[in-house]
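Trainee: Residue strings, one per chain:
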Amino acid sequence: MKRSVLASLVLIAGMGTSNALAQPEVEVLHWWTSGGEARAVQTLMDEFQSNGGKWVDMPVAGGGGDAAMQALRARVLAGNAPTAVQLKGPSIQEWYEEGVLADLSDVGAAEKWDALLPAAIGKHMKCGGKYCAAPVNVHRVNWIWANTAVLARAGIPMPTSWEEFNEAAVKLKALGVTPLAHGGEAWQDATVFETVALGIGGPGFYQKALVELDPAALSGPTMIKVFDQMRTLRGFVDDNFSGRDWNLATAMVINGEAAFQVMGDWAKGEFTAAGKIPGKDYQCSPTPGAGFLYNVDSFAMFKVQGGDRIAGQKLLAKLIVGENFQKTFNLAKGSIPARLGTSLGQFDYCARRSSYDMDVAAGSGTLLPSYAHGMALRGQQAGAITDVVTQHFNSDMGSAQAAKMLAEAVANSR
Amino acid sequence: MSAWLTRHIPKIAVAPSLAAVLFFVYGFIAWTGYVSLTRSRILPRYQLEGLDQYAKLFRTPRWDVAMENLLVFGVLFIAVSVALGLLLAILLDQRIRAEGAIRTVYLYPMALSFIVTGTAWKWILNPGLGIEAVVRSWGWEDFRFGWLVDPELAIYTVVIAGVWQASGFVMALFLAGLRSVDQEIIKAAMVDGVSLPRIYASIIIPSLSPVFLSAIIVLAHLAIKSFDLVIALTGGGPGYATDLPATYMYAMAFSRGDLGQAAASATVMLMTVAAIIIPYLYSQLRQSHD
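Protein chains in written order, with this note's numbering: chain A, 1 to 414; chain B, 1 to 290.
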């Protein structure tokens with residue numbers, strides 16, 4: 001009996017020391033499980049491990065992150081949150097309000113994040129004024145992609161306004177080419193809608209309507225014009241677009257079946273995989289109008305117990321914003337670094353343009369969050385808008401009625 | 001002691017499953033009802049806020065579409081499956097050759113999951129891949145069959161796929177019923193010179209009424225829980241034209257982080273089912289007491 005007590009004391013003492021000397025450890029919940037994304041996350045894992053950390057991977061695929069959020073909810077309710085979770089935009093704030101996010105302000109101060117991150121993006125990473133998440137990349141949503149050969153055949157340049165786009169589309173239709181490759185999923189309808197809203201209403205209107213949810217802007221004459229353009233675009237997609245995946249729509253542009261696609265810069269991965277070269281085989285340019293709609297992926301840090309896990313969390317946060325990771329990760333994923341001043345030598349033309357535009361937009365206050373990709377609004381409000389947008393696009397609803405329904409749906413979702 | 005055991009062993013054996021059902025079914029129903037009265041977002045919160053979530057739910061056009069779709073889908077799915085299943089069973093009952101093989105063919109769809117059915121019909125009904133494309137390639141250039149991409153008609157494609165899956169099963173139910181009809185009565189009727197359609201209409205089909213009841217009960221629960229079929233076939237689209245209450249609830253709970261709203265929609269679904277089931281149970285219980 002005495003011996004066993006002694007033995008367990010020794011064991012406990014041993015556990016104590018091993019805790020104090022333990023290596024930094026993180027458990028990372030994410031849903032980057034496909035091709036380029038899995039490679040991108042591997043770069044982070046490698047870098048973390050070469051800095052002496054222990055990485056416990058927790059990938060949960062499915063439903064564009066829905067399954068991962070389900071897993072997260074279960075873990076948080078069980079009082080055993082993962083160390084770091086792939087979260088973005090306002091959902092970081094939602095989890096903060098549940099009181100489960102950690103404080104990273106010492107890492108942020110030591111690494112001078114205030115100076116390294118664009119103010120608009122840094123704002124998303126702060127909970128109650130303190131850093132609680134680290135950004136990994138910036139996707140630009142308002143891109144329009146085009147097949148160079150098809151444009152040359154039709155004799156049209158890249159459109160710089162939606163009127164020009166409409167004229168070009170009529171010419172393309174006459175040639176038997178589908179002007180706009182599109183997949184009829186709600187989020188894709190929403191993606192086109194927000195770029196049209198930005199192009200027709202301008203950044204000020206976008207901010208008022210889709211970020212501040214101003215009722216007058218949501219139901220006003222500008223919004224009606226935006227819906228008019230959506231109706232026009234409906235005529236430029238093929239009959240068979242319902243339920244098509246976005247990458248199949250990109251494939252239509254790649255093989256010349258369609259001329260244009262409106263999609264974020266993840267579409268570039270499809271062109272690259274098909275062996276196409278930007279500027280030569282395909283064109284990338286911002287959708288008509290000024291402004292930059294961003295979709296920033298980030299890792300939020302949850303409150304955890306134990307010195308090794310807190311150390312792991314801080315190390316991970318530091319590495320994520322580090323120059324080396326920002327470069328390798330974004331080269332693999334097709335996005336651009338969130339960290340300002342990262343050298344872009346190895347990036348392609350589209351990424352450099354995106355980065356340049358982001359700097360300009362940050363200076364002029366036109367760096368705006370994408371509503372369609374969950375950066376501007378909380379789930380309920382964004383969902384209410386998307387319901388109206390997709391309902392309008394997939395029926396013969398009038399523009400004035402759509403604008404009215406939009407204001408009602410937003411009011412109802414609060 | 002042993003007498004006590006013999007008396008109580010059945011109760012002891014049933015107790016754990018009873019406790020599990022009480023907790024996991026009725027306990028969670030109560031919990032969902034409670035959450036529907038709160039403003040829960042991504043995580044449950046427990047301050048009561050009244051009936052806000054229900055007011056919101058009934059103001060949401062998407063919910064109206066979902067309820068309407070459930071009605072259209074439920075009624076058509078049950079009616080067409082029963083009618084088609086009965087017809088197939090009667091035809092198969094004519095002492096034909098290779099009956100066993102044909103019966104198996106019709107029964108096989110039931111062995112598939114709704115996900116497989118939905119995906120297969122998604123391809124068959126897709127205008128660019130399926131029936132429309134094939135008929136056009138045969139030379140009918142103007143042939144149109146775009147129900148799947150038409151928001152007004154898309155819900156009927158869900159009915160088609162559901163009927164395809166379930167009617168073979170209904171046929172098997174009716175076939176068993178037909179085989180158990182007393183042949184003597186039929187022979188007597190034939191001797192009296194009654195025509196075959198009249199025999200079916202007046203003797204055989206009325207004697208199948210218990211089969212009708214069980215077929216409708218089975219189909220009704222398939223209709224109410226057919227979430228996977230819609231997800232695989234249309235994903236709720238075009239727009240949200242083929243949303244059902246179950247897909248609405250899933251979207252609110254798991255995509256939009258709105259647990260309160262999802263709980264309210266789940267509670268309304270439960271009430272709808274209860275409104276149908278409770279009168280039925282009541283009548284059954286009364287019968288067994290008589």
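Since the hints were made in silico from the structure, they are not lab data. Hints may be right or wrong, so weigh each one.
[Stated by the list, open to error] What follows is a set of in silico ranges between Cβ atoms, one per label pair, in the way DEER data are often shown:
| # | chain 1 | residue 1 | chain 2 | residue 2 | range |
| --- | --- | --- | --- | --- | --- |
| 1 | B | L213 | A | D214 | 52 to 62 Å |
| 2 | B | S17 | A | E97 | 34 to 44 Å |
| 3 | A | G307 | B | F23 | 37 to 47 Å |
[Said to hold, decoys possible] No farther apart than 25 Å at their CA atoms in a straight line, the calculated lysine to aspartate or glutamate pairs in the DMTMM-like style are these:
| # | chain 1 | residue 1 | chain 2 | residue 2 |
| --- | --- | --- | --- | --- |
| 4 | A | K208 | A | E37 |
| 5 | A | K404 | B | E141 |
| 6 | B | K122 | A | D214 |
| 7 | B | K122 | A | E94 |
| 8 | A | K173 | B | E141 |
| 9 | A | K173 | B | D142 |
| 10 | B | K56 | A | E257 |
| 11 | B | K56 | A | E94 |
| 12 | B | K122 | A | E257 |
| 13 | B | K56 | A | E408 |
| 14 | B | K122 | A | D396 |
| 15 | A | K404 | B | D142 |
| 16 | A | K173 | B | D150 |
| 17 | B | K56 | A | D245 |
| 18 | B | K56 | A | D239 |
| 19 | A | K404 | B | D64 |
| 20 | B | K56 | A | D66 |
| 21 | A | K404 | B | D52 |
| 22 | B | K122 | A | D66 |
| 23 | B | K56 | A | E212 |
For glycine and all other residues, C-beta sits at the position ideal for the given N, C-alpha and C.
Trainee: Is the Cα-Cα distance between K56 (chain B) and E257 (chain A) 25 Å or less?
Mentor: The given pair, whose Cα atoms are some 44 Å apart, is violated under the 25 Å limit.
Trainee: For the pair supplied as a hint, K404 (chain A) and D64 (chain B), confirm whether the alpha-carbon distance does not exceed 25 Å.
Mentor: holds (18 Å)
Trainee: Regarding the pair K122 (chain B) and D396 (chain A), is the alpha-carbon distance no greater than 25 Å?
Mentor: holds (23 Å)
Trainee: Starting from K404 (chain A), check that the Cα of D52 (chain B) is at most 25 Å away, please.
Mentor: holds (22 Å)
Trainee: Straight-line Cα separation of K122 (chain B) and E257 (chain A) no greater than 25 Å?
Mentor: holds (22 Å)
Trainee: Does the Cβ distance between G307 (chain A) and F23 (chain B) fall inside 37 to 47 Å?
Mentor: holds (39 Å)
Trainee: Just to be sure I understand the hint, the distance between the Cβ atoms of S17 (chain B) and E97 (chain A) should be within 34 to 44 Å; is that true here?
Mentor: holds (40 Å)
Trainee: Taking only the CA atoms, is the gap from K122 (chain B) to E94 (chain A) under or equal to 25 Å?
Mentor: violated (37 Å)
Trainee: Straight-line Cα separation of K122 (chain B) and D66 (chain A) no greater than 25 Å?
Mentor: holds (23 Å)
Trainee: Between K208 (chain A) and E37 (chain A), does the CA-CA distance stay at or below 25 Å?
Mentor: The hint is violated at about 33 Å.
Trainee: For the pair we were handed, K122 (chain B) and D214 (chain A), check the Cα-Cα distance against 25 Å.
Mentor: Not satisfied, since the Cα-Cα distance of roughly 40 Å exceeds 25 Å.
Trainee: That 52 to 62 Å hint for L213 (chain B) and D214 (chain A) (C-beta), does it hold up?
Mentor: The hint (52 to 62 Å, Cβ to Cβ) holds, given that L213 (chain B) and D214 (chain A) are roughly 56 Å apart.
The structure shown violates the earlier hints numbered 4, 5, 6, 7, 10, 15, 17 and 18.
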